[in-house]
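Colleague: Chain by chain, the residues run as shown.
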Amino acid sequence: MVAASASGTRPESDLDSTSAAVMKAAIKLQVRDLAIRYGTTTAISGVNLEVRENEIFGIIGPANAGKTSFLKSLNRMNDFNSEMSVDGDIEFDGTNIRDVRNVYALRSRIGVVFPLPVGLPLTVFENVAFVPRLRGINDKAELDVIVERCLTRAALWDEVKDRLDSLGSLLSGGQQQRLTIARALSQEPELLMLDEFSIAVDPVTTMRIEDVLKELKHEMTIILVTNLVQQARRLADRTAFFLEGQCVEIGDTEDLFNGKVRDQRTTDYIEGRFG
Amino acid sequence: MSNTSTIDNQFLETELNVKAKRTETLFRILFMIMAGLLILPVLIILTTLVVKGGAMISWEFLFSNPTNGMTEGGIFPALLGTVWLVGVALVISVPVGVAAAVYLSEYAADNWFTRVINLAIINLAGVPSIVHALFGVGAFVLFFGFGTSILAASMTLAVMTMPVVIVATRESLQAVPHAFREACWNMGATRWQTIRRVILPNSVSGILTGVILEVSRTTGETAPIMFTGAAFFIPVLPQSVFDQTMALSLHLFVVSTQVPHVPEGLPYGVALVLISMVLLMNSASIALRMHLRGKKKW
Numbered sequence: 037m038v039a040a041s042a043s044g045t046r047p048e049s050d051l052d053s054t055s056a057a058v059m060k061a062a063i064k065l066q067v068r069d070l071a072i073r074y075g076t077t078t079a080i081s082g083v084n085l086e087v088r089e090n091e092i093f094g095i096i097g098p099a100n101a102g103k104t105s106f107l108k109s110l111n112r113m114n115d116f117n118s119e120m121s122v123d124g125d126i127e128f129d130g131t132n133i134r135d136v137r138n139v140y141a142l143r144s145r146i147g148v149v150f151p152l153p154v155g156l157p158l159t160v161f162e163n164v165a166f167v168p169r170l171r172g173i174n175d176k177a178e179l180d181v182i183v184e185r186c187l188t189r190a191a192l193w194d195e196v197k198d199r200l201d202s203l204g205s206l207l208s209g210g211q212q213q214r215l216t217i218a219r220a221l222s223q224e225p226e227l228l229m230l231d232e233f234s235i236a237v238d239p240v241t242t243m244r245i246e247d248v249l250k251e252l253k254h255e256m257t258i259i260l261v262t263n264l265v266q267q268a269r270r271l272a273d274r275t276a277f278f279l280e281g282q283c284v285e286i287g288d289t290e291d292l293f294n295g296k297v298r299d300q301r302t303t304d305y306i307e308g309r310f311g
Numbered sequence: 073m074s075n076t077s078t079i080d081n082q083f084l085e086t087e088l089n090v091k092a093k094r095t096e097t098l099f100r101i102l103f104m105i106m107a108g109l110l111i112l113p114v115l116i117i118l119t120t121l122v123v124k125g126g127a128m129i130s131w132e133f134l135f136s137n138p139t140n141g142m143t144e145g146g147i148f149p150a151l152l153g154t155v156w157l158v159g160v161a162l163v164i165s166v167p168v169g170v171a172a173a174v175y176l177s178e179y180a181a182d183n184w185f186t187r188v189i190n191l192a193i194i195n196l197a198g199v200p201s202i203v204h205a206l207f208g209v210g211a212f213v214l215f216f217g218f219g220t221s222i223l224a225a226s227m228t229l230a231v232m233t234m235p236v237v238i239v240a241t242r243e244s245l246q247a248v249p250h251a252f253r254e255a256c257w258n259m260g261a262t263r264w265q266t267i268r269r270v271i272l273p274n275s276v277s278g279i280l281t282g283v284i285l286e287v288s289r290t291t292g293e294t295a296p297i298m299f300t301g302a303a304f305f306i307p308v309l310p311q312s313v314f315d316q317t318m319a320l321s322l323h324l325f326v327v328s329t330q331v332p333h334v335p336e337g338l339p340y341g342v343a344l345v346l347i348s349m350v351l352l353m354n355s356a357s358i359a360l361r362m363h364l365r366g367k368k369k370w
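Protein chains in written order, with the numbering used here: chain A, 37 to 311; chain B, 73 to 370.
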């Protein structure tokens, strides 16, 4: 594979995955020596990784591995928690986020989807129009277009188009999760972070969302934290394995699942021997 | 077969079970009686007032001046004065109290400064009303030079009621789940944008409920206003916040203890009007809360 792509005779279908891996696609996010502490408790330490543009970067690992803390540090949510301290460097598009003065602009470029769907206590329409309104768009026609586009892309439009004025927080769990994805898309994010999005979602909806993500990666970079290793296998181009606050393994997803690992614990976890 | 019988035996009542059940019944009934006793004072007060003062109530009683050394006529100046005092107190205490509560709930980090503020609120709530009255005289009547006036009395009431407004507001703000805030912050909203668009709209009814309950408490206060702005008897209605005024609570005190030859029904009539105002506002607060529960958004 490597030789083939380097010689330029690779088949068309390999373009997405192989060329990105070999030709070092643009780096969206560079993390160096990241350590996160809550008071005196260390959540993660010594994490070095990079996330490339337009890839789905999977993060797997058991509970308490530091996956969620890792995501929180990426959009400086630690600013809101005086207990949480972040050391090390995180570069987003080449800028160290510690030096970002307009942290609101940084956050609005990063969409986040939580494990439990959070439909804001606003109407379906206003949930999706929230960020556009913050950006000063108040024209109804313009908002209509944005809301329809985002809901359509999140595979929710058909189900809610007749009740845009009902409360978003009263939709079903699976619908709310797609609503939060639509809301994240309304930010037109460059990076979309999903934290175990399928925990409260039925399998059918999960599959629909997974299809959505596969489409979205052509336009944005996606970090997918999941505790379903098979989900990582289905979606992620590359996958990192977090364990007890360490990033134990990073590699092409297929390699990880085919046993090409540096650390035996990765295979043990993937095959369900612990965790 | 033998298996079945052992299972049956497990459900036979032992001596211990019977005793436990009896004690259980005893305590349930005891506690229920204690809870039931609470209704008594309310019933007695209301019945007494209606029986003895109900005959006094008329349009004339509500809307005319007291005459003949306050032994006859109506209570209009006192009624209007109470509305003035409570209204102005609200205009002062609600904005300040709500703003302070928003700061404490949404902005303040947990540091010594916040702890000092919280301590101040608790202590302010514990200051006896007569001490508030003396503070009001010193601060508003004399130092700020408002004289004995509606403004001075209302500011005294406002200071006194502030802790309750703050606590009620803070509680309704914190009843809005934290996940909503995090969701907004993650989308790049500032704290204020989050508060204005999501937190306040979903707690405003709760805040109102607290405020109304607060008003009803203010209505009956006597000590804080008697040295700061409420007068024994004034034949003219107040024209501005710098005038003195009569007030229902003080009027009740006056006709009950200070004026000779008052007909027996008069104080009861005044008390009935006062308590009706309070109950009316409490009912409004309860209605609002029920309305709010019906529209629960999450």
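There could be a bad hint or two in this list.
[As the list claims (entries may be wrong)] Calculated Cβ distances over 10 Å to all of chain B for the following chain A residues:
{"id": "1", "residue": "Arg68"}
{"id": "2", "residue": "Leu85"}
{"id": "3", "residue": "Arg143"}
{"id": "4", "residue": "Leu264"}
{"id": "5", "residue": "Arg270"}
[Said to hold, decoys possible] So, partial list: chain B residues that the calculated Cβ filter (under 7 Å) puts toward chain A:
{"id": "6", "residue": "Ala197"}
{"id": "7", "residue": "Phe252"}
{"id": "8", "residue": "Ala255"}
What the hints contain is simulated information worked out from the structure, not anything from laboratory work.
Glycine is no exception: its CB is placed at the ideal position from the N, C-alpha and C atoms.
Colleague: Evaluate each hint against the coordinates.
Modeller: Hint check:
1. Arg68: holds, 24 Å
2. Leu85: For leucine 85 (chain A), whose nearest Cβ neighbour in chain B is about 21 Å away, the distance exceeds 10 Å, so it holds.
3. Arg143: violated, 4 Å
4. Leu264: holds, 22 Å
5. Arg270: holds, 25 Å
6. Ala197: Check failed: Cβ of alanine 197 (chain B) comes no nearer than 28 Å to chain A, outside 7 Å.
7. Phe252: Given a least distance of 6 Å, the restraint on phenylalanine 252 (chain B) holds.
8. Ala255: With a closest approach of 4 Å, the alanine 255 (chain B) hint holds.
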